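Q: Below, each chain spelled out in residue letters.
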Amino acid sequence: MLPDATAVSHILTAAGVSNAVVATETLGVVCRLEAASVLRALEALRDGELDFRVLLDFLGADTGEEIEVTYHLRSLTRDEELFIKATVAYDGELRSVWNIYASALMPERETAELLGLSLVGHPNPKRLLTTDGVEPLLRKSVPIRTVEEVRNR
Amino acid sequence: MSDPRDDVISVGALAAEGTHSAGDPPAGIRRVPSGVDGLTTEHLIINMGPQHPSTHGVLRLLIEVDGEEVLAAETSLGYLHRGIEKLAESRKYHQLGTLMDRGDYVSGMHGEQAAALATEKLLEVTVPDKARYIRTLVAELTRLASHLVWYGTFGLDTGAMGQFLYAVRDREVLLDILEEISGQRMMFNYIRPGGVVADLPVGIEKKILDFLTDFDVHLEEHHALLGGNEIFQMRVKGIGTISREMALAFALSGANLRATGVGFDVRRDRPYDAYPDLDFDVPVGSTGDAWDRYMVRMEEMRQSVRMVRQCIEGMPEGDFTAKVPKVIRPAEGEVYASVESSRGETGVHLVSDGSPEPYRYHYRGPSLFACQVLEEILPGHLLADVVMMIGSLDIMLGEADR
Amino acid sequence: MWGKGLINGLRITMRNMRRGPITLMYPYEKYDLPERARWSVVPVFDEHGDPKCTACMVCVRQCPDHILDLEITTAEDKSKHIEHFRYELGACMMCGLCVEACPFSAIRMSHDYELARTDVAALTYDLLTDTDAASARKNREPKPAGAAPPEGGEHSG
Amino acid sequence: MAIDRFTGEHSVAFIRSEQLFDYARSKSLWYMAFGIACCAIEGLMHASGPRFDFDRMGVFFRASPRQADVMIVAGTVNKKMAETVKLLYDQMPEPKWVVAMGACASTGGPFREYPNVVLGVDQVVPVDVYIPGCPPRPESVQYGFICLQDKITKRTEERLAARRDRS
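Residue numbers (this note's numbering), protein chains in the order written: chain E, -8 to 144; chain X, 82 to 483; chain U, 1093 to 1249; chain B, -12 to 154.
Hints in this document: simulated from the structure, not taken from any laboratory.
A couple of the hints might just be wrong.
[As the list claims (entries may be wrong)] Derived pair list, reagent style BS3-like, types lysine-lysine, alpha-carbon separation capped at 25 angstroms: (1) B/Lys14 / B/Lys66; (2) B/Lys14 / U/Lys1122; (3) X/Lys407 / X/Lys288; (4) U/Lys1122 / B/Lys83; (5) U/Lys1144 / X/Lys407.
[Stated by the list, open to error] Okay, the calculated beta carbon distance ranges per label pair: (6) B/Trp17 / E/Thr137: 39 to 47 angstroms; (7) U/Phe1137 / B/Pro82: 38 to 46 angstroms; (8) U/Lys1122 / X/Leu290: 22 to 30 angstroms; (9) B/Trp17 / U/Asp1124: 26 to 34 angstroms; (10) U/Met1117 / B/Pro80: 29 to 37 angstroms.
None of these values were measured; they are calculated from a predicted model.
Every residue, glycine too, gets a C-beta built ideally from N, C-alpha and C.
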């Protein structure tokens, strides 16, 4: 289940990713990186000996100051899971990793749209779920309808 | 974009590598036109959906066709985007089940189970044995109900009607059982953090066993009626082949992944609830085409029947729920919990900040990933096969759009 | 062999023909709902015909969709009077969380599933209107002690 | 005029053509299945299945709006879907009716707080019958169609009464 944290950091250093913090948390083994080095790190992890071939899930969360994106990797040969976290500023760019993991295509579009980021390097960076003019709904600053609003529709 | 004709899949090659033994398509039937010499045809864009009887919900496909051959396809989602993730941030932990029911609405129990497991991980409570068994029992009954919907509608896509009626007939009995256990036919709201809402009603075991006795016969009939039909075999064999690499790259899960030969099953490899105590097999396919996906799902139904029997036999005595506070305030933290739903790995990524409501709630719907792979596998097939491929992937738009 | 499956399929169809109909002729016969079936929310009355609701607002807070609403006025003696107990049938998802939470079993899920309305205004209605909460009656009951007047209960009006 | 005695409201031998048509319409309500979400499984699949057998009531499934009298909107309508609902409603031939099935189509239901969700399909198209429930039982849908049949017959009577008052 849990990969060896030292092996992960070893692979990342070999790939030239500096200041990556690998720690074991409630979630599992989490690796925090800078957004700029995510692509390089993912490529190294996919092709490295830990064999993280599957990007199981991709999500973003509004932490109140910035957007934290999480890449959930899984290695089926070694039966291990790893979470990669990076932060993006509110008006920042989300670099697509679709040419490393094809499964990121739609989750990235969804995250960029619902959290108001601009998507870079994506083959089809259109809106996926909502129509034009809908606010980035998953941000904490965008409220849901109030009780009065829904009662007196 | 390169010429899509370059990687046209030809049936002959597939039949040679595949391990299908019976009923290969008769010689002379070509699935993919090799192009008409000397005639230039204009490409046509066909809009399929969002309201279409065989898109299994509100999937919208833009298909570029040359004659009858699909050249490219684009998937458009969002026609059922209801904000489950956003609304969960204003729900209390025991209310999350009501949202998860409506995510993957055909197998509601699995969604509830995923939410409950994630909350329990945060709370670090131990679920009593009886609750674990009840959950497994209802989850497997729901899987049967969900696969029956898939079976019925998959046949409808080929143009068959009779098996749909038989599937609905069996599903009615299942829904009656589930209604007696939980109170509603589809939106159960039965599994909660810590256990289940209520004990099994008296005498339900006999009803379930009676149903299973009938269903053993009915299931073989279902299989003979659809899978044994040559027309159906001709329409699904060699259609929508997904290679193992493609399945991993697109993070497919569930039966779609197992049909390609990767035997990953959350029930076996990340065991939860009573699955470690049960004895079951994980069926895998070989070629990853629509026929393999059909066979894997049929076998899963047989395994579910086995598991339900084992759950009833091994049902322990005890409490049906652990002691969980009325207002759940888990410690700060972040967890991921997943279950094997009817469609694949349904995961819940839960971030708590110590308040009674989740801080961030992410719902991994396996159908979203199955929708992505459509764009990849549709080109090169005939237009009539598009509905077969959508049907064989068993897409549920409720969890793709969320 | 080509066609074997078709003949086999016909055989299965014939076998199913002998299994008899399962059709429920709905308007004329009705399915006996199980004990736990959850449909619209209805108030529960005690043996005197008074509602058991104490206006404690637990159900209002528990409802995930905010479909229940209690308008109450509190008298000087802290007793509560229910002006309106509003219920939005049109938005109710019948999850049963309010009934589970009610500490006095003052509401229950009924088995009435014939809920279709042709008028949008009929989708919102009052479960209780202009009644005393049960706690208010309890406070008051010892004082009259079996005398005839308490039945009136017109203190508020 | 003596002939009025035979063509009046209470005549048995003669029936107004409108009454005849509306009677026929109410007994063969072909619906367009607008299955969006959960309600589609209950209201469209199970109701037309062998147990509840919607065909008994002359209610039958059509995939095309051009052949349909009723549109069952079964599921949550969001802003992206609303245009499609309107488009399909406009394609249906007159007279047409809309049944809002389930809490979501009636008022927005469990998802009505989300700003992307339309608060009931009646904000997009006029609705004739609302069927609460999440999802309603197939019997509830059948009851809803009985209500719709009543509404159609009543509509003729009202229209005829209005004409009688005018003349």
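Q: Tell me the hint numbers this structure goes against, listed in increasing order.
A: Result: hints 1, 3, 4 break, sorted rising.
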